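Peer 1: Residues in the sequence shown are numbered from 845 upward in steps of one, following this note's numbering.
The hints are simulated quantities; they were obtained by calculation from the structure and are not laboratory data. Where hints are given, some of them may not hold.
The calculated lysine-lysine pairs, modelled on DSBU-like cross-linking and capped at a C-alpha distance of 30 Å, are [stated by the list, open to error]:
1. K953 x K861
2. K852 x K921
3. K942 x K861
4. K854 x K921
5. K953 x K942
6. K970 x K953
Note that this is a predicted model, so its numbers are computed, not measured.
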Amino acid sequence: MIEESRRKMKILSNDEKREIIELLRGEFNNIDGVSLAVIHGGFIESRVFRDIDVAVYLSNIILGEDVIEEVRDVLEKGLNIAIDIQVLNYAPPRFTVKALRNGLVIVEKIPGLRGVLLIHAVEELKRLSRPRMIKLIQ
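Please model the complete structure; the sequences and the hints are all you need to start from.
Peer 2: What follows is the structure, given as C-alpha cells:
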C-alpha cells in the first residue's frame, strides 16, 4: 500500500523540486563510494513524474547493493516518493549515454568523471553497432 502511494503521479513546484535535489545531493555526497550521482528521467524532464531516477557510479564496488538499497529506503520514507537507483558500473552503454547526456549531475567527486564515462559509453555503443565480419569456413 505504501509503495503504491509513492508511485502515484506527482506534480511539484520548481522550489519543491530544488529542495529535493539539494537533499539528494547531500545524501549521495555523504556516501564515500559514490563518485558520481545523476538525476535523470521524468523528475527533471517533465512537470509530472512518478519516481526519481538516480544513476550512480561507484568507485568502491565493494560498497555494493546493500548500502544503495538502504539509502533508497531512507530517502523513500523521508520523501514519500519512489526512488530508483541504477548503478552505472553495470549499466548497458545506451542507458549510460542517455542518463549522462540528459541528466542533472548532483555529485561529481572526481572532476570530469561524467565526461569520461560518457565517452566510454559512446565508444562502446559504436563498437557494438559495427557490423561484425563473419569468416565463413569453406
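Peer 1: Decide, hint by hint, whether the structure agrees.
Peer 2: Taking the hints in turn, this is what the structure says about them:
no.: 1; hint: K953 x K861; verdict: 23 Å, holds
no.: 2; hint: K852 x K921; verdict: 15 Å, holds
no.: 3; hint: K942 x K861; verdict: 21 Å, holds
no.: 4; hint: K854 x K921; verdict: 16 Å, holds
no.: 5; hint: K953 x K942; verdict: 21 Å, holds
no.: 6; hint: K970 x K953; verdict: 28 Å, holds
Checked against the numbered hints above, the structure violates none of them.
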